[in-house]
Amino acid sequence: MIDYQAIIERFYDTQSPLYEVLMTHSEQVAQLADVLCDRLIEGGTPVDADFVHEAAMLHDIGIIKVNAPSIYCAGTEPYICHGIMGRKMLDQLGLFRHAMVCERHTGAGLSLNDIVSQQLPLPHRDMLPLSMEEKLVCYADKFFSKTHLGDPPKTMERVRQQMLRFGQESLDRFNEMADLFGTP
Numbered sequence: 082m083i084d085y086q087a088i089i090e091r092f093y094d095t096q097s098p099l100y101e102v103l104m105t106h107s108e109q110v111a112q113l114a115d116v117l118c119d120r121l122i123e124g125g126t127p128v129d130a131d132f133v134h135e136a137a138m139l140h141d142i143g144i145i146k147v148n149a150p151s152i153y154c155a156g157t158e159p160y161i162c163h164g165i166m167g168r169k170m171l172d173q174l175g176l177f178r179h180a181m182v183c184e185r186h187t188g189a190g191l192s193l194n195d196i197v198s199q200q201l202p203l204p205h206r207d208m209l210p211l212s213m214e215e216k217l218v219c220y221a222d223k224f225f226s227k228t229h230l231g232d233p234p235k236t237m238e239r240v241r242q243q244m245l246r247f248g249q250e251s252l253d254r255f256n257e258m259a260d261l262f263g264t265p
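According to my numbering, the stretch in the sequence shown is residues 82 to 265, in order.
The hints are simulated quantities; they were obtained by calculation from the structure and are not laboratory data. Even glycine gets a Cβ: it sits at the ideal position worked out from N, Cα and C. Where hints are given, some of them may not hold.
[What the hints assert, rightly or not] What follows is a list of derived Cβ distance ranges for each label pair:
id : residue 1 : residue 2 : range
1  : Glu90     : Glu238    : 35 to 41 Å
2  : Asn256    : Thr126    : 34 to 40 Å
3  : Asp119    : Asp232    : 18 to 24 Å
4  : Pro159    : Pro127    : 33 to 39 Å
5  : Leu174    : Asp232    : 15 to 21 Å
6  : Asp253    : His205    : 17 to 23 Å
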């Protein structure tokens, strides 16, 4: 197991509003991911529950590098880049598996087609969650907002509407995850 708290504190001022945003959101995602893990394990699906919890706590570590004033992010990169920024940060610490969760959790994952057709400022490659653990964190993340901290989870219908705004491919990927993990 890793000390995700120490990793977060390496990059974030614990007295800052951004730290509060990151921690509150990440804890919400981790709690849901833990519930979904338990459900899978009880059903006989092998899942690395410790890794899922750690990855859920670290999945948004890259927001410190982006420009999103509404959630206290004073970096220079566009918000869509927070996943690849998180990957870079965790790669530098040798946390390659956790880093891939950062890169692959945005939306319902991003395909090369999504990146090219939407002209996103991202490397031209698939950034789709592949492992059960990556998919689980990606899925749990969709139910919580960083701008409405502490709100209850979004409904399935609301998440589906949000996914559809990014295209049918995105909604289809979300629905595949919903079939795997069920309703929160």
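* **Violations among the numbered hints, reported as their numbers in ascending order** => 2 and 5
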